[in-house]
Amino acid sequence: MNLPTRIVLVASVLGAFGGAIAWLSAGQPAQIIRAAGAVRWESSAQCRDCHQDVYDEWFGSHHQIAYTNPEVRDLSDDFRKEECMDCHLPRPLAVTGFGKRTLPRRTHFDEGVSCISCHLGPDGGILARNDRPEVPCKPQRSADFLAAEACASCHNQHATTDQWRASHFAQQGTDCASCHMPEVLRTRQDGSKRMGRKHVYEGGHDLATLKKASVFDVRKDGDGIVLSLRNVAAGHNFPTEERHRAVDMMVRFVSKDGAGEWQRAWRFRQPYRDETTPINPGNVSGENAQLPSGQQKDVRVPIPGGAVTVEARLWYRLTPFVGDDDPKSTLLEERRVALQ
Amino acid sequence: MTVARPSRGFALAATLAAVAACSGEPLATPATGPQLPTLRLQPRIAELKATAAQRSVPSDAAQKELRDLGDIALQLVESDERTGMLSTRSLIEHPAAWWILEPALAHERAEVRQRAAWLCGQSRQTVLQLPLLLRLKYELDPPTVVWVADALARLGNDTGLAWLDAAIGVEATAQAAGSSAIEALKARGVTLAEQPTWDEVRQGLRQQHAAWLQRGASSLSDAPAPEAGQLAARLAQHLATTEGTQLRPVDDARYVTVRAGVLGVPLLTHILDASEPYLRTMALQVLADLGAVAKPAIPAILPLLGDPLTGSYAVRTLGLCGASEALPFLRPMLQGTDLELRTAAAQALGVLRDEPSRAALRARLLDLAESMDVRVSAAFGLCCFGGETEAAAYLAEREAKKDYHQQTLARLREQLAAIGPTAK
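Sequences listed follow chains C and G, in order. So the first sequence is numbered by the working numbering: it starts at -1 and just counts up by one. So the second sequence is numbered by the working numbering: it starts at 24 and just counts up by one.
Any given hint could be a false lead.
Below 27 Å or equal to it, Euclidean Cα-Cα: the simulated DSS-like pairs (lysine-lysine) are [said to hold, decoys possible]:
{"hint": "1", "chain 1": "C", "residue 1": "K326", "chain 2": "C", "residue 2": "K210"}
{"hint": "2", "chain 1": "G", "residue 1": "K72", "chain 2": "C", "residue 2": "K98"}
{"hint": "3", "chain 1": "C", "residue 1": "K295", "chain 2": "C", "residue 2": "K326"}
{"hint": "4", "chain 1": "G", "residue 1": "K72", "chain 2": "C", "residue 2": "K79"}
{"hint": "5", "chain 1": "C", "residue 1": "K79", "chain 2": "G", "residue 2": "K160"}
{"hint": "6", "chain 1": "C", "residue 1": "K79", "chain 2": "G", "residue 2": "K318"}
{"hint": "7", "chain 1": "G", "residue 1": "K87", "chain 2": "C", "residue 2": "K79"}
None of these hints come from the bench; they were simulated from the model.
This is chain G alone, in the form it adopts within the complex (with noise of 0.2 Å):
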C-alpha cells in the first residue's frame, strides 16, 4: 500500500486541525465547507446506568405470585388442566409478567424456553422483543428458535420471520415454522392462498422481512408500543455494557439494538453527543446498520462530522443512512487531510450518489500519491453510480494482484451487489 500523502494547499488546515485535536476539542468544521452544528459533549454512561437501574421490580408479594403463577404456566410443576389455564391466563395478564419470562427464556431445559417464548408472545409486552432477540442468537435448539420467531412476530418484531423462512427450509421444523409464518402474514394483511406453497409461504416472509428492514417497523397493526420505562432501561443497560472491555456484552448490545428496529433509535440518538467515544461509535454503528431507519438521528449526526475520533463514522452512517442532506459537509472531506474521512468520505459519496462528486471522485482515484485506500474507496464510491469502467478496472485489477486486502474487497462487492443493478 502506499503511504497517504497530504494534498498541496490543505497542509496549513492540515496544522490548523492537528492544534485543534491537541487542545482535546472537537474540531467544529471539517477542512473546508460548510460551518458545521456546533457538538457540546457531555458524560452520558453515568445516565444510562441510572436509566438501567430504574427497572422496576415487582413487590415480594407480586414476585411470590408471580413465581407460583410462573411455575404452573411454564409447567415446572403438574397441575391440574383448569389451574394451568387459570394460571397462564393470569400470568399473561400480569403487568410484571416479565419478570418470571425473561429468565426463562435462558432455562436450561428446551421445552421450559419454549413455553416461555410462547408465554412472552401471548403476554403482548412488547418490551420483552429485546430479551427474545438475545435469545436468538444463543439458541441452539431449532424447534426453540421457532418458538423464539414466532413470539417475536406476535410482538411485532419482524426479525423473527427470517428465522421462521430458515426453518421451513429444514424438515424437521418445516410444519412448525410453517404453520407459525402463515398466521403472521395473515395478521399482516397479507393474502395467501387457501393452501398456499411453501415457496407463497416463504416470498412473503422475505416480503416482510425486507419492508421491515427498510422501515424498522412491523406491518403488524395491534402490536401495543412497548411501556417507555421499561423499554429505555433495558436499551440503557445493553448500551452501558459498551464501557467495559468485554466485548460479548457489546456485542449483544449491537444484535438486540440493531434488530429492534425503531425503538432504539431514539436513545442511539441521545448518546451521540456523549462524551464516552465508544458511546458515541457504538451509536453510530448502530444507526449505520439500520441505514434508513435510522433518518431521525442526522440532525444529530451531522456535529460528529468535526469529531476527530468518531468522524469517519458519523460519515459512514450518514452515507448508509441516506443523508444527502449532509453532501455538503461530506464533499470536502475528500480532499482533507484525515486519511480516515478521506477513505469513508469516498464511499459516502458514492453511496449517496452524490453527481457532482464524480469528478472528485475520479481525481482521488487516479491520483497515484494517493493513499490505496482512499483509491479502492473513490472506486467503490464510483462504482456505486453504475457505467465507470475504469473504477471497476481499478476494483478488477486489485482483486487480480491481491495487493489489497482481499476480504475488505469482497466486503465492498457485496455492498454494490446490495446497492442494485446500476452499481457494477
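Chain C with its partners taken away, still in its complex shape (with noise of 0.2 Å):
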C-alpha cells in the first residue's frame, strides 16, 4: 500500500470515527455512547437504567436528600451559607480528591450527593469496587474510592473521621463502608449474582443503628444510682458530626407519692464554638462532650428521700433545644429499677 492510498485510508477511518461519535451524541440516550468515550456522566439518572435497585436506596436518603432537606437548608441560610454547598452538593470528590476539599456544582440539585460525586474519576470514567470492562459504564477499580478518606472530604468537617482513625475500629481495618454500606447479594440483569453495597447510608437518623451504637445502663450504688452509656459500636465519637446533635441520660424518680419531674443526668455533645455556657456542669466552656469511641461515661445521682424507683432514659436529639415530646427526640433506650 502506498503512502498516499494509507492517508486516505487513516483519514477515512478518523473521519468515520468521528462522525459515528457525533451521530451517537446526537441521537441516542447518553449512557450507551460510553464504548466512544465521549459520555459525560453528570446525573444519577444515567445509572437508574442499569442499577435500579441501587438508584432506589439511594434515593430519599440522606446523600440524595443532601442540598434539599429542610432542616439543612434551615441550618445553611437556605444555602446563603455558600460553603455549605461543598458538601451538599458536591462535584466528583475523585476530581478534587478524595480527602481534600469538595467543590460544589450548580445543576442536579434534587441529587445532593449523587452516584456521579463518589463513582466518577479524574478522567471522566466510573469508578468502582472492580473493573467490568465488559458492561456500559467500564467501572475501574479503584483503591481510593473504597477507602475512608472518600469519605473524609465531607465527614471529616467535623472530625468523625479523625475520631475513627483514633479509634480500634481503624486499627482492626473496620472502616466507614463496613458500617455505613454493609455488603449485599445484589442480582445482576442477567440474573447472575454479585456482592454490592447498601446505599441507604443508615447512621444517625435511622433508628436501630443509633440503638446498637451504645449500651446503656441504670444500677443503685449505695445512696446513689450511677447511669452509664459505653460507646461500643460506633467507630467515632457518639453522637458525632453536627454539634447540634446530642445524647441525653434523663433520670427521675418515684415515690409513693408519685414521679417527679425528668432530669438531664448527663448531655453528650459538642458545643457550638461561640457556645459558652459548659455543656454538664463538669464539662469547662467549649469542652467536646460526644463519647469517644470505646469510652464509657458514669454518672452519679443521689438518691432523694422517699425515692421507691428510679427511671432512665436515653434520648437522640437532632437538636439541643427540644424536650421529649418533639418529632426530633428520638427515645433510644429506657430503664425502670426499684430502689427498695
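Two chains, each in its own frame: build the complex with the hints.
Here you go:
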C-alpha cells in the first residue's frame, strides 16, 4: 500500500470514527455512548437503567436529600452560606481529590450527593470496586474510592474521620463502609449474583443504627444511682458530626406520692464554637462532651428521700433545644430500677 | 429532570475536551470560540501561609507597655481620670495598638468588647476593620453591635451602616445608633437637617451602604489606607483556611473578604492562578459576591474559563461583575458539552444582557432534549432582558408544577428582582 493510499485510509477511518461519535451523541441516550469515550456522566438518572436497585436505595437517603433537606436549608440559611454547598451538592470527589476539600456544583439540585459525586473518576470514567470492562459504564477498580479517605472530604468536617482513625475500629480495619454501607448480595440483569454495598447510609437518622451504637445501664450504688453509657459500636464519637446533635441521659425518681420531674443527668454533645455555657456541670466551657469510641461515661445521681423507683431514659436529639415530646427527639433506651 | 444530551456537532469537541481533562491540564479553550489567555497554575497556599506568618509581633517591651495601656484603656483595672485619658491616648496612637485591641474584641464581657470597638475606631488603624467585621458576624449583644458598626464606619468600612440602620429600628439601640449614624453621614459629606428625622437618617444610611456595595469603597474622605503588610497578613490568614475541611473558618474568611470591599481584591486576584482548586474557587466566589467591585480582576479571571474545575464559577463571576469583554468567550459555551458551563453561561449572558445571545438562549430554552438546569437558566437569562413572556411562563410553570428545585427558582427570582424593572 503506497503512502497516499494509507493517508486516505487513515483519514477515512478517523472521519468515520468522528462522525459516529457525533451521530451517537446527538441522537442516542447518553448512557450507551460510553464505548466511544464521549459520554459525560452528569446525573444519577443515567445510572438508573442498569442499577435500579441501588438507585432506589439512594433515592430518599440523606445523601440524595443533602441539598433539599429542609433542616439543612434552615441551618445553612437556605444555602446562603455557600460553603455548605461544597458537601451538600458536591462535584465528583475524585476530581478534587479524596480527603481534600470538595467543590460545589450548580446543577442537579435534587440529587445532592449523587452517584456521580462518588463514582466519577478524574478521567471522566466510573470508579467502582472491580474492573468491569464488559458493562456499559466500564467501571474501573479504585482503591482510593473504597478507602475511608473518600468519606473524609465531607465527613471530617466535624472530625468524624479523625475520631475513627483514633479508634480501635480503624486499627482492626473496620472502615466507614463496613457499618454505613454494609455488603449486600445483588442480582445482575443477567440473573447472576454479585456482592455490592447498601446505598442507604444508615447512621444518625436510623433508629436501629442509633440503638446498637451504645449500651445504656442504670444501677443502684449505695445512696445513689449510676447511669452509664458505653460507646460500643460507633467507630467515632457518639453522637458525632453536627454540634446540634445530642444524646441525653434523663432520670426521674418515683416515690409513693408519684413520679418526680425528669432531669437531665448528662448530655453528650459538642458545643458550638461561640457557646460559652459548659454542656454539663462537670465540663469546662467549650469542652467536647461527645462519647469517644470504646469509652464509657458513668454519672452518679443521689437518691432523694422516699424514692422507691428510678426511671431512666436515653434520648437522641437532632437539636439540643427541644424536649422529649418533639419529633426531633428519639427515645433509644428506657430502664426502671426498684430502689427498695 | 431530563438528562443532558450533547448537541450534534460538539461530540468530537467533547472527546477532545475529555482527553484534555484526562491529561490533568486545564483546557486552553472552551468548545469553540476565540483563544483564551493561557492559564498557568502555580502553588499559592504555601505563599499565603508565609504571608500570614509575616504578621509582625511587637517586642517584649512593647507588649508589656501595650498590656499596661490596654488594662487601663479597656477599663479592666481602675485608674484615675487623668491616667485613664493618657493611657487611652497612648494606646490609640501606638502603632501596634491592634495587638491588644484585636483579642479584646472577643472578650467575654460585653462592656470590654464595646470599649475595644471604640478604641479601634479611634485608633485610625484601618486594618482593624477585618477583626471588626469578624466581630460583627458573631456579636450577639445589640449595644455592642452598634459600637462595632460605629468603629467600622470610622475606619472607612460602610458595611456597618446597614447594622446601624437596623439598630435604629430597635427601641433599645435607636438612640445610640442614631447618634453614630448622624456622625457617620456627616463625615461622608451628607447634608442633614439640623434635627433630622429617623427616616431621613435611615435613608442616608441606605444610600451610603448601596454606594459602598457598588464601589467597595467609602465616601469617607479622611480614612487612611491600611498598612499593606498588616492587611496582606490578615487576608492571607483568612484565605489559607480554605485548605482545610472545616468550614467555619472558611465561612469566616468569606464573610470578612466580601465585606472588606476593594481591600481584598488584589490578593484575591493574585490567587486566581492557584494550583489549589479550593483557592481558585474561593477567590471566584468572593469576587462574584463583590460584583462590579471585582472588575479589576477580570483579566485574571478570563483564563479560568478553560479550567475544567472552576470554569463555571469563572463564568458566573464574569457575569456578576459585568465583564462585557468576556462575551466572545461566553457565547460559545452555551453550545458546549459541559452542563455546568452551559448552565452558568445561560445565566451570565442574561445578566450581561448580551443581545446577540438572545436567539441562542431561546433555542436552549425550547430544546426539549436539553437539561432542565440549562433551560431554567436560559429562561432566567432571557428574563434579564425583560419582555420575554415565554421565558417568564417557563419559570412560572416550573413553580406551579414543582418539578424543579423550588429554592433555586426562588433565588433566581430574587436575582431578577435585584437586576431591575426590565427583568420580569
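* Asked: Does the structure keep C:K79 and G:K160 at a Cα separation of 27 Å or less?
  -> Given that 27 Å is the threshold and the Cα spacing comes to 13 Å, the pair holds.
* With a cut-off of 27 Å on the C-alpha distance, tell me whether C:K295 and C:K326 pass. => holds (24 Å)
* Asked: Are the Cα positions of G:K72 and C:K79 separated by 27 Å at most?
  -> holds (25 Å)
* 27 Å Cα cutoff - pair C:K79, G:K318 -> Given that 27 Å is the threshold and the Cα spacing comes to 24 Å, the pair holds.
* Measure nothing beyond the straight line between the CA atoms of G:K87 and C:K79; if it is 27 Å or shorter, mark the hint as holding. => violated (40 Å)
* CA of G:K72 to CA of C:K98, is that 27 Å or under? -> Status holds; Cα separation ~18 Å.
* Asked: Is it true that the CA of C:K326 sits at most 27 Å from the CA of C:K210?
  -> The hint holds at about 19 Å.
Checked against the numbered hints above, the structure breaks only hint 7 and satisfies the rest.
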